[in-house]
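Engineer: Line by line, the protein sequences are chains V and A.
Residue 1 is where the first sequence starts when you use our numbering, and the numbers rise one by one after that.
Residue 1 is where the second sequence starts when you use our numbering, and the numbers rise one by one after that.
Keep in mind that the hints were calculated from the coordinates and are not lab data.
Possibly wrong hints are sitting among the right ones.
Since the list can't tell identical chains apart, any single copy or any two copies may satisfy a pair.
Straight line, CA to CA, 27 Å or less: simulated DSS-like cross-link-like pairs of lysine-lysine [as the list claims (entries may be wrong)]: (1) K197 to K264; (2) K133 to K29; (3) K133 to K197; (4) K277 to K133; (5) K221 to K133; (6) K266 to K29; (7) K197 to K268; (8) K147 to K221; (9) K274 to K221; (10) K274 to K76; (11) K274 to K29; (12) K108 to K197; (13) K221 to K29; (14) K76 to K191; (15) K109 to K266; (16) K266 to K147; (17) K190 to K268; (18) K268 to K191; (19) K109 to K264; (20) K29 to K277; (21) K109 to K221; (22) K274 to K147; (23) K268 to K29; (24) K133 to K190; (25) K195 to K108; (26) K133 to K195; (27) K76 to K266.
Keep in mind that this is a model prediction, so the values were computed, not measured.
2 protein chains.
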Amino acid sequence: MRIFGELQGLYQGASFRNRLELSQSGLHKPPQAGISGSQIEGADSIIVSGGYEDDEDYGDIIIYTGHGGRDLSSGKQVTNQELVRGNLALAESCKNGLPVRVIRGAHKKSNIAPEEGYRYDGLFRVEDYWKEKGVSGFIVWRFRLRKIDGELKKDSKILQEEQEEYDFNKKTKRIETRVQRIVRDTALSKKIKEKYKYTCQVCNTQIETSSGYYAEAAHIKPLGAPHNGPDSEDNLICLCPNHHVMFDYGGFSILENFDLIGLKGKLKIMNNHKINKDYLRYHFEHFYDEKNR
Amino acid sequence: MRIFGELQGLYQGASFRNRLELSQSGLHKPPQAGISGSQIEGADSIIVSGGYEDDEDYGDIIIYTGHGGRDLSSGKQVTNQELVRGNLALAESCKNGLPVRVIRGAHKKSNIAPEEGYRYDGLFRVEDYWKEKGVSGFIVWRFRLRKIDGELKKDSKILQEEQEEYDFNKKTKRIETRVQRIVRDTALSKKIKEKYKYTCQVCNTQIETSSGYYAEAAHIKPLGAPHNGPDSEDNLICLCPNHHVMFDYGGFSILENFDLIGLKGKLKIMNNHKINKDYLRYHFEHFYDEKNR
Chain V
1 MRIFGELQGL
11 YQGASFRNRL
21 ELSQSGLHKP
31 PQAGISGSQI
41 EGADSIIVSG
51 GYEDDEDYGD
61 IIIYTGHGGR
71 DLSSGKQVTN
81 QELVRGNLAL
91 AESCKNGLPV
101 RVIRGAHKKS
111 NIAPEEGYRY
121 DGLFRVEDYW
131 KEKGVSGFIV
141 WRFRLRKIDG
151 ELKKDSKILQ
161 EEQEEYDFNK
171 KTKRIETRVQ
181 RIVRDTALSK
191 KIKEKYKYTC
201 QVCNTQIETS
211 SGYYAEAAHI
221 KPLGAPHNGP
231 DSEDNLICLC
241 PNHHVMFDYG
251 GFSILENFDL
261 IGLKGKLKIM
271 NNHKINKDYL
281 RYHFEHFYDE
291 KNR
Chain A
1 MRIFGELQGL
11 YQGASFRNRL
21 ELSQSGLHKP
31 PQAGISGSQI
41 EGADSIIVSG
51 GYEDDEDYGD
61 IIIYTGHGGR
71 DLSSGKQVTN
81 QELVRGNLAL
91 AESCKNGLPV
101 RVIRGAHKKS
111 NIAPEEGYRY
121 DGLFRVEDYW
131 KEKGVSGFIV
141 WRFRLRKIDG
151 ELKKDSKILQ
161 EEQEEYDFNK
171 KTKRIETRVQ
181 RIVRDTALSK
191 KIKEKYKYTC
201 QVCNTQIETS
211 SGYYAEAAHI
221 KPLGAPHNGP
231 DSEDNLICLC
241 PNHHVMFDYG
251 GFSILENFDL
261 IGLKGKLKIM
271 NNHKINKDYL
281 RYHFEHFYDE
291 KNR
């Protein structure tokens, strides 16, 4: 089983003399590959060791270059990279919000890397992935990772840009901090999405991306106070983003016989997926508003 | 013009003797109403003064009760509230991620409220809205607000629950911090969404919620390093959440003649909306991946 997130007893700053020690710790199991993960499960850890000419390490933000297409002896890019294997695993972590353990390896050109061996530097989130022509002229896949709950270092180039934008906003107009929508994934989200093969239980849509399918797991009775719905399979459904927004904002609800209200049709449910009807009633009573129809 | 966010020269902690002084400051203009805003624009400020029996003030998290249905002399709820006027304005702020200025009024029962008059307590985000039977037995609309960049106070009841969950996770299994997707709104987002009447430029879908329509403004060349796309109208399109996810994760792109690639059809564009073709090319080159089709 691939373990995502922190490992018991292994704290940030933990050091390892070599890849074998690191592998045995469980923080990053593959003995050679820089990305640990699979297309199905996502990536659980990476090693940032400056082996790729295109990597950019700003401390709490890392622009990481995918694998493939590299001449092993020179480290130079000699063909295009493709969105396969480890690269696809990182894209999967991006779409599912999975935490990625970052281990830095010693590297002369970096003042962030350890002086020798390998060091575990905590959990990062893959914010974005894209491809571009690398310094070699060949296509590389790139991943922006951001430290989870990390404080950005003052000298980070990226922070500087953000700070400048902030200062500019402050001088010229009102500060406006706007986060429209945060989709939080939980331990069970992936399981429920896989059960439905990333198909929306309302409309059967399967959203396609460059790295496979995308769906969202929606809690029927919301997590967090004052609702305090549980993170359990009987409180989760698999929806496309459109129907997730509509569900959270009361555009439709689900009756106890699974008929939709506010939308036509019925919720599609697998035989091995039991939904708790108390949670359906909670959603109907608290989020659906008949008056506005 | 309604101003969202901070007002120049008015800092957190600013105090006002009465509603007239507060109104003249511009922080909260209505002389009597607790919610300042409109259904079209959203709510820019609220007053938390304990006037509603159902309000719950935890400091950096507030469970705020909407307006309406209240007996003015006793403050008791005497009829159901509806999702109209100020309540609809707060729902609009929720869906668009608008910052809401919170002003606390003196209230004997609260140790968070000022001792007298009114105090500006910073920007909050409306995280969620729903209805429930209030303590009176009548329906009230409720809004959970969270302080933007605020540190949660240690004695917050809600934080305690979150802390307990965190401790539980730590004891029993791996810590997993998962944020699947953050949709950030910008100054121009609302303008572009209104231009298209909240209709997706790819599929014409208009997402319905209990408080009106919902759409997302997508940056063609992404904001932030290393892309550094601008927040300008010629870099924005109006999409439904499904096509926003697909666009960000390379499921489709847009050619310079506005034909879609990866999807059938053409981007619908209003005459008064000029899109910069350099940004389209950037998206196509960096996010669309033909190999995976």
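Engineer: Hint by hint, say whether it matches the structure.
Structural biologist: Results of checking the hints against the structure:
1. In this assembly of identical chains, K197 and K264 lie within 27 Å of each other by CA distance both inside one copy and across copies; the values are 22 Å within and 23 Å between.
2. In this homomeric assembly, K133 and K29 never come within 27 Å of each other (Cα to Cα): the closest approach is 30 Å inside a single copy and 53 Å across copies.
3. Taking identical chains as interchangeable, the C-alpha atoms of K133 and K197 are never at most 27 Å apart, the minima being 33 Å within one chain and 38 Å between chains.
4. With identical chains, the CA atoms of K277 and K133 are at most 27 Å apart between copies only, with a shortest distance of 19 Å across copies and 52 Å within one.
5. Taking the shortest alpha-carbon separations for K221 and K133, only the inter-copy value of 16 Å comes in at or below 27 Å, while the best intra-copy value is 46 Å.
6. In this homomeric assembly, K266 and K29 never come within 27 Å of each other (Cα to Cα): the closest approach is 45 Å inside a single copy and 46 Å across copies.
7. Taking identical chains as interchangeable, the C-alpha atoms of K197 and K268 lie at most 27 Å apart only when both belong to the same chain, with a minimum of 13 Å there against 31 Å between chains.
8. Taking the shortest alpha-carbon separations for K147 and K221, only the inter-copy value of 23 Å comes in at or below 27 Å, while the best intra-copy value is 30 Å.
9. Taking CA atoms no more than 27 Å apart as the test, K274 paired with K221 passes inside one copy only; the shortest distance there is 15 Å, against 43 Å between copies.
10. In this assembly of identical chains, the alpha carbons of K274 and K76 never lie at most 27 Å apart, being 53 Å within a copy and 41 Å across copies at closest.
11. Taking CA atoms no more than 27 Å apart as the test, K274 paired with K29 passes in neither setting, with 36 Å inside one copy and 50 Å between copies.
12. For the homomeric pair K108 and K197, neither the shortest alpha-carbon distance inside one copy (45 Å) nor that between copies (55 Å) is at most 27 Å.
13. With identical chains, the CA atoms of K221 and K29 are never at most 27 Å apart, being 38 Å at best within one copy and 36 Å at best between copies.
14. With identical chains, the CA atoms of K76 and K191 are never at most 27 Å apart, being 39 Å at best within one copy and 46 Å at best between copies.
15. In this homomeric assembly, K109 and K266 never come within 27 Å of each other (Cα to Cα): the closest approach is 59 Å inside a single copy and 47 Å across copies.
16. In this assembly of identical chains, K266 and K147 lie within 27 Å of each other by CA distance neither inside one copy nor across copies; the values are 41 Å within and 38 Å between.
17. Within a single copy, K190 and K268 get their C-alpha atoms as close as 18 Å, which meets the 27 Å cut-off; across copies the closest is 34 Å, which misses it.
18. In this assembly of identical chains, the alpha carbons of K268 and K191 lie at most 27 Å apart only when taken from the same copy (17 Å versus 37 Å across copies).
19. In this assembly of identical chains, K109 and K264 lie within 27 Å of each other by CA distance neither inside one copy nor across copies; the values are 60 Å within and 47 Å between.
20. Taking the closest pair of Cα atoms, K29 and K277 never come within 27 Å of each other, the shortest separation being 42 Å inside a single copy and 45 Å across copies.
21. For a Cα distance limit of 27 Å, the shortest separation of K109 from K221 qualifies neither inside one copy, at 51 Å, nor across copies, at 31 Å.
22. Neither within a single protomer nor between protomers do K274 and K147 lie at most 27 Å apart by alpha-carbon distance, with minima of 37 Å and 37 Å respectively.
23. Taking CA atoms no more than 27 Å apart as the test, K268 paired with K29 passes in neither setting, with 39 Å inside one copy and 49 Å between copies.
24. For the identical chains of this complex, K133 and K190 are neighbours neither inside a copy (33 Å) nor across copies (34 Å), given an alpha-carbon limit of 27 Å.
25. In this homomeric assembly, K195 and K108 never come within 27 Å of each other (Cα to Cα): the closest approach is 47 Å inside a single copy and 53 Å across copies.
26. For the identical chains of this complex, K133 and K195 are neighbours neither inside a copy (37 Å) nor across copies (35 Å), given an alpha-carbon limit of 27 Å.
27. In this homomeric assembly, K76 and K266 never come within 27 Å of each other (Cα to Cα): the closest approach is 55 Å inside a single copy and 40 Å across copies.
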